[in-house]
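Following the hints, put chain B in place on chain A, whose structure we already have.
Chains A and B are the protein sequences, given in the same order.
Numbering (the numbering used here) for the first sequence: 1 to 602.
Numbering (the numbering used here) for the second sequence: 1 to 316.
Bear in mind the hints are in silico, worked out from the structure with no lab data behind them.
All C-beta atoms in this analysis are idealised placements derived from N, C-alpha and C, irrespective of residue type, glycine included.
The reader is advised that the hints may include incorrect statements.
Between beta-carbon pairs, the in silico distance windows are [stated by the list, open to error]: (1) Q450(A) x G77(B): 46 to 52 Å; (2) D243(A) x A251(B): 54 to 60 Å; (3) P172(A) x P62(B): 52 to 58 Å; (4) E242(A) x A251(B): 36 to 42 Å; (5) G137(B) x P432(A): 41 to 47 Å; (6) G137(B) x A601(A): 43 to 49 Å; (7) P506(A) x G77(B): 35 to 41 Å; (8) L30(B) x D260(A): 27 to 33 Å; (9) A348(A) x P62(B): 52 to 58 Å; (10) A601(A) x M242(B): 53 to 59 Å; (11) M242(B) x P569(A): 49 to 55 Å.
Residues from chain B that keep clear of chain A, each with C-beta distances beyond 12 Å, as calculated [stated by the list, open to error]: (12) P34; (13) S90; (14) V116; (15) K125; (16) R171; (17) L304; (18) L305.
Below, each chain spelled out in residue letters.
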Amino acid sequence: MTSRRTLRLLAVPLALGLFVAACGSDDDDDGGDGTTATTEASGDTATTEAEGGDTEEGDGSDENAGGEGDVEDQQESVEDTDTEVEVSENSRSYGGDVVYGLEAEAVGLRPWEDTCGSPCLNIQRAIYDPITEQTAQGEYQGFLAESLTPNDDFTVWTVMLRDGIEFHDGTPLTAQTIADMFPIQQAGAITSGLIEGAGLVGVEATGDLEVTYTLDSGNSAFPAVLTGQTGRVFEPTAAQSEDFISNPVGTGPFVLESRDLDNATTVVRNENYWLEDTEGNQLPYLDSIEFRPIPDEGTRLDAVLSGTVDMMQTLRQGTIRDARDAGGDFVLLEFQGNNTGGGMFNTAVAPYDDVRVRRGLTLMNNQEAVIEALGGTGISLPTTQWFSQDSPWYSEAVADAWPEFNFEEGVASLTEYINDPARSDGKGVGEPIDVELSCPPDPTLIAAMQVIEQVWSGSGLVNVTLTQFDQATHINNAITDIHQAHCWRWSSDEDPSISINPFVAPPEESPVNFPNYFNQDWFDAAIAAIQTADVEERKALYESIMLGLAEEFPIWYSGGTATMVMTEPQIQGINGWLLPSGDVGQGFPNAEVRWHEVFIAE
Amino acid sequence: MVRVIATRVVRLVATLLAVTFLTFTMLEFLPGDPVNAILPPNAVRTPELIAQVRADLNLDDPFFQRYFAWLGDALTGDLGQSYVTDQEVSEIITSRLPITLQLAVMGILLALILAVPIGILGAYKQGKWQDTVTSAGVQVGLSVPNFIFGIFLIWLFAVNLQWLPASNWNRLSDGLVDNLKTAILPASALALTQMAIFSRLVRADMIGTLQENYILSARAKGLSNRFILFRHALRPSSLSLMTIVGINFGALLGGTVIIETLFAVPGIGFRLINAINQRDILVIQGITVFIAASYVLINTLVDLLYSALDPRIRRS
Numbered sequence: 001m002t003s004r005r006t007l008r009l010l011a012v013p014l015a016l017g018l019f020v021a022a023c024g025s026d027d028d029d030d031g032g033d034g035t036t037a038t039t040e041a042s043g044d045t046a047t048t049e050a051e052g053g054d055t056e057e058g059d060g061s062d063e064n065a066g067g068e069g070d071v072e073d074q075q076e077s078v079e080d081t082d083t084e085v086e087v088s089e090n091s092r093s094y095g096g097d098v099v100y101g102l103e104a105e106a107v108g109l110r111p112w113e114d115t116c117g118s119p120c121l122n123i124q125r126a127i128y129d130p131i132t133e134q135t136a137q138g139e140y141q142g143f144l145a146e147s148l149t150p151n152d153d154f155t156v157w158t159v160m161l162r163d164g165i166e167f168h169d170g171t172p173l174t175a176q177t178i179a180d181m182f183p184i185q186q187a188g189a190i191t192s193g194l195i196e197g198a199g200l201v202g203v204e205a206t207g208d209l210e211v212t213y214t215l216d217s218g219n220s221a222f223p224a225v226l227t228g229q230t231g232r233v234f235e236p237t238a239a240q241s242e243d244f245i246s247n248p249v250g251t252g253p254f255v256l257e258s259r260d261l262d263n264a265t266t267v268v269r270n271e272n273y274w275l276e277d278t279e280g281n282q283l284p285y286l287d288s289i290e291f292r293p294i295p296d297e298g299t300r301l302d303a304v305l306s307g308t309v310d311m312m313q314t315l316r317q318g319t320i321r322d323a324r325d326a327g328g329d330f331v332l333l334e335f336q337g338n339n340t341g342g343g344m345f346n347t348a349v350a351p352y353d354d355v356r357v358r359r360g361l362t363l364m365n366n367q368e369a370v371i372e373a374l375g376g377t378g379i380s381l382p383t384t385q386w387f388s389q390d391s392p393w394y395s396e397a398v399a400d401a402w403p404e405f406n407f408e409e410g411v412a413s414l415t416e417y418i419n420d421p422a423r424s425d426g427k428g429v430g431e432p433i434d435v436e437l438s439c440p441p442d443p444t445l446i447a448a449m450q451v452i453e454q455v456w457s458g459s460g461l462v463n464v465t466l467t468q469f470d471q472a473t474h475i476n477n478a479i480t481d482i483h484q485a486h487c488w489r490w491s492s493d494e495d496p497s498i499s500i501n502p503f504v505a506p507p508e509e510s511p512v513n514f515p516n517y518f519n520q521d522w523f524d525a526a527i528a529a530i531q532t533a534d535v536e537e538r539k540a541l542y543e544s545i546m547l548g549l550a551e552e553f554p555i556w557y558s559g560g561t562a563t564m565v566m567t568e569p570q571i572q573g574i575n576g577w578l579l580p581s582g583d584v585g586q587g588f589p590n591a592e593v594r595w596h597e598v599f600i601a602e
Numbered sequence: 001m002v003r004v005i006a007t008r009v010v011r012l013v014a015t016l017l018a019v020t021f022l023t024f025t026m027l028e029f030l031p032g033d034p035v036n037a038i039l040p041p042n043a044v045r046t047p048e049l050i051a052q053v054r055a056d057l058n059l060d061d062p063f064f065q066r067y068f069a070w071l072g073d074a075l076t077g078d079l080g081q082s083y084v085t086d087q088e089v090s091e092i093i094t095s096r097l098p099i100t101l102q103l104a105v106m107g108i109l110l111a112l113i114l115a116v117p118i119g120i121l122g123a124y125k126q127g128k129w130q131d132t133v134t135s136a137g138v139q140v141g142l143s144v145p146n147f148i149f150g151i152f153l154i155w156l157f158a159v160n161l162q163w164l165p166a167s168n169w170n171r172l173s174d175g176l177v178d179n180l181k182t183a184i185l186p187a188s189a190l191a192l193t194q195m196a197i198f199s200r201l202v203r204a205d206m207i208g209t210l211q212e213n214y215i216l217s218a219r220a221k222g223l224s225n226r227f228i229l230f231r232h233a234l235r236p237s238s239l240s241l242m243t244i245v246g247i248n249f250g251a252l253l254g255g256t257v258i259i260e261t262l263f264a265v266p267g268i269g270f271r272l273i274n275a276i277n278q279r280d281i282l283v284i285q286g287i288t289v290f291i292a293a294s295y296v297l298i299n300t301l302v303d304l305l306y307s308a309l310d311p312r313i314r315r316s
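Okay, chain A solo, but in the shape it has when bound:
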């Protein structure tokens, strides 16, 4: 039962945050931490020179009519990009100012209190350091932490902090600091849910630099929790002051200098930053970073092309396509990642309570056409599971099991239901089913939903009604089960347990089991996966869940969602930054930059 408690609300932020972040608003959480999981996730990045040959194939606007050849073309196009996280070989140099165009303003910068999506996290990562970070191979290592040691059943984690680290105001980082943060986090609008979801019941200073975290049930992936908002370290005494909003105090590589909401946030070099590069030079390299919110996608791209800003982020596939087409000597740091678009059926409601309906509708979902409607042709691939092809969690077995678009088979599956006298929706034999398909009012999402609507309606077996709600209402409808067929985003680049475990938990205990579909075997597998540190065993357990999804279809997929950071060519160090151990970090998932090693090449 404790395991269930742990899972309750587990990673609500992640599931919600990813959906929201992918939709491009800063009102959302990154979903950054939630719970669990260790080891390998994926950081599949793609670095593309805009002038390079890769870009031309990337457009492909005429591609993608839906045939198999189109899939191959598309896959080839994506695979043409360099998928390695690489450390820049240019010699590092100090100095320089960078102006970064974000897709939205960060409302607040308090890790425990303020909603923080991808744009906001770009700023927070400059000011705050996390206790742990993820490597390019998906492992979690200490960042502010020197080591993390679990007990035998993973219910107690002992974290040893690095010595000699100071906050921006000169206060030393000690174990007591982390312990003092905990009550603030427990009361925080953001971290309270994360802490409850992680089953974190106590944080204690058991030495000058030794912190002991106590969980209410075992979690082998607990270090992943300390990578996100729960592990983002702030100075707890300063945090009590209202002044903290305009004067946040972290241990990060940059110090907030000025903040002009909706216009510019400027951070300057932390002269006392604790981290050094591999040659013993003190980090960071840059003098300052200026963050500029530029909500219009076209203007943001033009701002880079015109030199108004030095770099920009985008979470939109259409903008990636435009950036590829724009030419110029820019570096496009694209990230495919494990985030996939799609949707869900509320299986507690007829006719979605019948697998024949879910299977039929899923078979009639033309992923390539949806990707094209989203502007992702040549950028994103169709998906079959929660992991991209270069993720260590990716399963060929699942890829084989997930059905391809097959209209005739879909019709057959639906027909079988419709002609069943005992059909669950109470309608007469032969009558079409009614489907309400809901999405937020984003133009590209609406276009994608219209593609699905046309195919489903074209069968003559489905009456589709499209509905739209603002994003907050859309999310709440999913949480409170006021939905039928609901567009959504699945997965993340964090440990699978963060998004999968709460998804397969009993619906009455886990509000993020949005489809309300419960399978005891899946749940048991998810629990087993956070009670072992054996990577292969964990892979097999999550693979079994993905295979189950390919049989029961509580959700459908509509293709991967790429993100991008576009920079002037001399800005380097975004791709291939290092952890204190010397291992390469996970790059720039979700268009979030780690700043400590960014430099301007001469």
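Same frame as chain A, now just chain B:
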């Protein structure tokens, strides 16, 4: 005159009440619960928490009770507090108003600088090719939405010529030149439609004025065309222009919303769009009412000024 003023003030108050009521009502009927937007997406939405938020914001009170409570506070200058940023709404407005005002003033000035010569030329050369060309240009100005013109300006002056920044805003405290560099493109985008409206007005008024007897008399005296146009014809043609300028200035305060968003200018309109996205209801209410009130107030002042200047209007 006192009666005229009293009548206008009564109308002003009635209009403002109607605006506040309609704004409040429309927001009330938006789909979805504002609590969903107020709470962070990852907040654990327990019934207790939702009830607490609703109680804190008086969301469970009857509609009219909330409306009159808000109205009472608004009359004392208290427009409430942002759910999202915790800032006072009045502070949000006052801190951003100078930026929006600057854009509006620059837009009007740019429009006038272009519109007056174009209007005069069209009137003076009525029916000739110069008139045809300027009229066509004006028609384009009226037809093209200002945000499309803004995108064109970015493409031309920022991306291609790289003379001006595509976005961002430098405050006056950063220096006048730096400020103007970031203001000129959005102000120009705002100016296009205004220029078209103003020049049509000037042209029409000038055509009428140029047919007046005193103009014929001036010509008979041998005065130069330039002198006649700018000293004798323009002045009487300017009264209606100034009226429209006043009215449109009020409209521009609200009309900057799209342009501010396009150019990432942190004015009132940009904040309004962000508040809508964040469903920050008190900010939406406050800014909407402020824009509407500004518009109505400026209209009333123009009416009063017009009445003072022209007895015929006062009598009518």
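Results for each hint:
Against the hinted window of 46 to 52 Å, the Cβ-Cβ separation of Q450(A) and G77(B) comes to about 47 Å, which satisfies the hint. In this structure the supplied range 54 to 60 Å is violated for D243(A) paired with A251(B), their Cβ-Cβ distance being about 40 Å. Checked against the hint of 52 to 58 Å, the pair P172(A) and P62(B) passes, with Cβ atoms roughly 55 Å apart. Take E242(A) and A251(B): their Cβ atoms lie about 38 Å apart, and the range 36 to 42 Å holds.
The given range of 41 to 47 Å is broken by G137(B) and P432(A), whose C-beta atoms sit roughly 55 Å from each other. G137(B) and A601(A) have their C-beta atoms about 48 Å apart, which keeps the hinted 43 to 49 Å range intact. The beta-carbon spacing between P506(A) and G77(B), approximately 52 Å, falls outside the hinted interval of 35 to 41 Å. For the pair L30(B) and D260(A), the beta carbons lie near 30 Å from each other, so the given range of 27 to 33 Å is met.
The supplied range of 52 to 58 Å is broken by A348(A) and P62(B), whose beta-carbon atoms lie about 34 Å from each other. Distance hint for A601(A) and M242(B): a CB-CB separation of about 57 Å, consistent with the stated range 53 to 59 Å. Distance hint check: the CB atoms of M242(B) and P569(A) are about 53 Å apart, consistent with the given range 49 to 55 Å. A beta-carbon of chain A is positioned within 12 Å of the beta-carbon of P34(B); the least distance is around 9 Å.
Listed as a non-interface residue, S90(B) keeps its Cβ farther than 12 Å from every Cβ of chain A; the least gap is roughly 15 Å. At roughly 31 Å from the closest C-beta of chain A, the C-beta of V116(B) stays outside 12 Å, upholding its exclusion from the interface. Chain A leaves K125(B) outside its interface by the beta-carbon criterion, the shortest separation being 38 Å against a cut-off of 12 Å. Consistency note on R171(B): stated as away from chain A, yet its beta-carbon is not over 12 Å from all of that chain's, at 7 Å minimum.
Remark: the non-interface label on L304(B) is consistent with the geometry, its nearest Cβ contact in chain A lying 35 Å away (cut-off 12 Å). The non-interface label for L305(B) is consistent with chain A: the shortest C-beta to C-beta separation is roughly 35 Å, beyond 12 Å.
Hint compliance for this structure: hints 2, 5, 7, 9, 12 and 16 are not met, and every other hint is.
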